[in-house]
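Novice: What follows is the residue order along each chain.
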Amino acid sequence: MKIYWTAIAMLLCVSGGCSRSAPPPPSAPEVAPTATIKDLMDAMVDPSAEFLFDNIVEIVDEKGIIDKTPKTDDEWKEVRRRALMLVEAPNLLVMPGRKVAKPGEKAEYPEVELVPEQIQKLIDDDRDAFVRRARRLQDTAALALKAIDARDKKELFSRLGDVDKACESCHLHYWYPNDKRAQAAAREEGVD
Amino acid sequence: MRICSLAIAALLTVSPAFAHHSNAAFDGDKVVVLKGTVTEWKWSNPHVWIFLSVDDDKGGRADWAIEGRTPGQLLRAGWSRSSLKPGDVITIDFSPAKDGTRTGLLTRVRLADGTVLGQAPAAQ
Numbered sequence: 001m002k003i004y005w006t007a008i009a010m011l012l013c014v015s016g017g018c019s020r021s022a023p024p025p026p027s028a029p030e031v032a033p034t035a036t037i038k039d040l041m042d043a044m045v046d047p048s049a050e051f052l053f054d055n056i057v058e059i060v061d062e063k064g065i066i067d068k069t070p071k072t073d074d075e076w077k078e079v080r081r082r083a084l085m086l087v088e089a090p091n092l093l094v095m096p097g098r099k100v101a102k103p104g105e106k107a108e109y110p111e112v113e114l115v116p117e118q119i120q121k122l123i124d125d126d127r128d129a130f131v132r133r134a135r136r137l138q139d140t141a142a143l144a145l146k147a148i149d150a151r152d153k154k155e156l157f158s159r160l161g162d163v164d165k166a167c168e169s170c171h172l173h174y175w176y177p178n179d180k181r182a183q184a185a186a187r188e189e190g191v192d
Numbered sequence: 001m002r003i004c005s006l007a008i009a010a011l012l013t014v015s016p017a018f019a020h021h022s023n024a025a026f027d028g029d030k031v032v033v034l035k036g037t038v039t040e041w042k043w044s045n046p047h048v049w050i051f052l053s054v055d056d057d058k059g060g061r062a063d064w065a066i067e068g069r070t071p072g073q074l075l076r077a078g079w080s081r082s083s084l085k086p087g088d089v090i091t092i093d094f095s096p097a098k099d100g101t102r103t104g105l106l107t108r109v110r111l112a113d114g115t116v117l118g119q120a121p122a123a124q
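Chains as they are written, first to last, in our numbering: chain X, 1 to 192; chain R, 1 to 124.
No lab work stands behind these hints, which were simulated from the structure alone.
Quantities reported herein were computed from a predicted structural model and do not represent experimental measurements.
Treat the hints loosely; a few may be bogus.
[Stated by the list, open to error] Subject to a maximum C-alpha distance of 16 angstroms in a straight line, what follows is the list of computed EDC-like cross-link-like pairs (lysine to aspartate or glutamate):
#1 R:K85 - X:E78
#2 X:K68 - R:D27
#3 R:K85 - X:D67
#4 X:K146 - X:E78
#5 X:K180 - X:D192
#6 R:K85 - X:E58
#7 X:K180 - R:D27
#8 R:K85 - X:D61
#9 X:K63 - R:D29
#10 X:K68 - X:E58
#11 R:K98 - X:E111
#12 R:K98 - X:E75
#13 X:K180 - R:D88
#14 X:K63 - R:E40
#15 X:K154 - X:D61
[What the hints assert, rightly or not] Partial list, computed: chain X residues near chain R (C-beta under 8 angstroms):
#16 D61
#17 E105
#18 Y109
#19 E111
#20 L114
#21 E117
#22 D164
#23 D192
Beta carbons: idealized from backbone N, C-alpha and C, even for Gly.
Bound conformation, chain X alone (with noise of 0.2 angstroms):
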């Protein structure tokens, strides 16, 4: 009876009942970044930054002020759209894998600025840098958000300095660092 029982034992551990573990949970799953940084700038920071500067200002001509700040309600959804764009292209910017350019990709103006690889190397080494970076975009940006939900127009356009700043920052670490007339500048503007 006990070698019965004992072969019924082994019977079952070799059928999995003792040995296999809790199967794994299924995979979550990922999303892959697809766009270079240079393409998210291209086509969400940039145009969204654009927009906000381009219409939270005032032109004086010879016909008088021009007040281009936002009127209707739809004008103001409008501002509204292209700021939240500034508040979450940070989250996308530093997805973990995300290139700064596709390969080949050259820079403009040499003289001061680096080339891509050198640009990669430099988030690779220090990607919390890099995120403090687009954090403070995002940050800036959140705050002009709230200026817009106030539909406070100078308040806005003093946030939109700020969010220049944070620009700034991360195009003269990253991108132009050798202007060094734009880093004149900035240091008397107390970008950091």
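Start from chain X and add chain R according to the hints.
Specialist: Leaving out everything else, chain R in the frame of chain X:
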């Protein structure tokens, strides 16, 4: 339609493509000094813009667009949004664009009353 096309072409000629850029498009080793009449004054982030009409020495006028620093910086250097107005005659110093377009990077402005507006706060 033709006027519209000409206006767009003129804008493309005198304005850089993007607000954010290095200063590499301008020749920092050169300073051009022009006297002209302000046609437009744009108090904007990330750079202010001065548009002016200058005698081209051929009996005509030439339109220039000069980019300055941020409004925040200029406020600390003594500027305000009312520093300029269309019709003001000014003398302007700037670094010209390397590509020959009629644009430049502002160094300073001298107003008709002699007031000089630079880009950095005066040294203490």
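Novice: Give a verdict on every hint.
Specialist: Against the structure, the hints come out as follows:
Taking the CA atoms of R:K85 and X:E78, the gap is about 30 angstroms. The hint is violated against a cut of 16 angstroms. Restraint check for X:K68 and R:D27: the C-alpha separation of about 32 angstroms exceeds 16 angstroms, so the hint is violated. Of the pairs offered as hints, the one joining R:K85 and X:D67 holds, with about 15 angstroms between alpha carbons and a cut-off of 16 angstroms not exceeded. Restraint check: the Cα-Cα separation between X:K146 and X:E78 comes to about 14 angstroms, which is no more than 16 angstroms; the hinted pair holds.
A C-alpha spacing of about 14 angstroms is found between X:K180 and X:D192, which places the hinted pair at or below 16 angstroms, so the restraint holds. Of the pairs offered as hints, the one joining R:K85 and X:E58 holds, with about 12 angstroms between alpha carbons and a cut-off of 16 angstroms not exceeded. As the CA atoms of X:K180 and R:D27 are separated by approximately 12 angstroms, the hinted pair is consistent with the 16 angstroms bound. Using a Cα cut-off of 16 angstroms, the hinted pair R:K85 and X:D61 holds, with the two alpha carbons roughly 7 angstroms apart.
Between X:K63 and R:D29 the alpha-carbon distance is near 36 angstroms, which puts this suggested pair outside the 16 angstroms criterion. Distance restraint check for X:K68 and X:E58: the Cα-Cα separation of roughly 6 angstroms lies within the 16 angstroms cut-off, and the hinted pair is therefore satisfied. For the proposed pair R:K98 and X:E111, the alpha carbon gap of about 13 angstroms is at most 16 angstroms, so the pair holds. A distance of roughly 37 angstroms separates the Cα atoms of R:K98 and X:E75; the hinted pair therefore is violated under the 16 angstroms criterion.
Taking the CA atoms of X:K180 and R:D88, the gap is near 32 angstroms; set against the 16 angstroms cutoff, the hint is violated. In summary, the hint linking X:K63 to R:E40 is supported, as the alpha carbons are separated by about 10 angstroms, within the 16 angstroms threshold. About 21 angstroms separates the Cα atoms of X:K154 and X:D61, which puts this hinted pair outside 16 angstroms; it is violated. A least Cβ separation of about 4 angstroms between X:D61 and chain R falls short of the 8 angstroms threshold, and the interface hint therefore holds.
A least Cβ separation of about 16 angstroms between X:E105 and chain R goes past the 8 angstroms threshold, and the interface hint is therefore violated. The beta carbon of X:Y109 is positioned within 8 angstroms of a beta carbon in chain R (closest approach about 3 angstroms), and the interface hint is therefore held. Interface hint at X:E111: satisfied, since its Cβ lies 6 angstroms from the closest Cβ of chain R, which is below the 8 angstroms cut-off. Violation of the interface hint for X:L114 is found here, the shortest Cβ-Cβ separation to chain R being roughly 11 angstroms, above the 8 angstroms cut-off.
Hint status for X:E117 relative to chain R: violated, with the closest Cβ pair at about 18 angstroms, above 8 angstroms. With a cut of 8 angstroms, the hint placing X:D164 at the interface with chain R holds, because the nearest CB-to-CB distance is about 4 angstroms. Taking 8 angstroms as the C-beta contact cut-off toward chain R, the hint placing X:D192 at the interface is violated, the least distance being around 15 angstroms.
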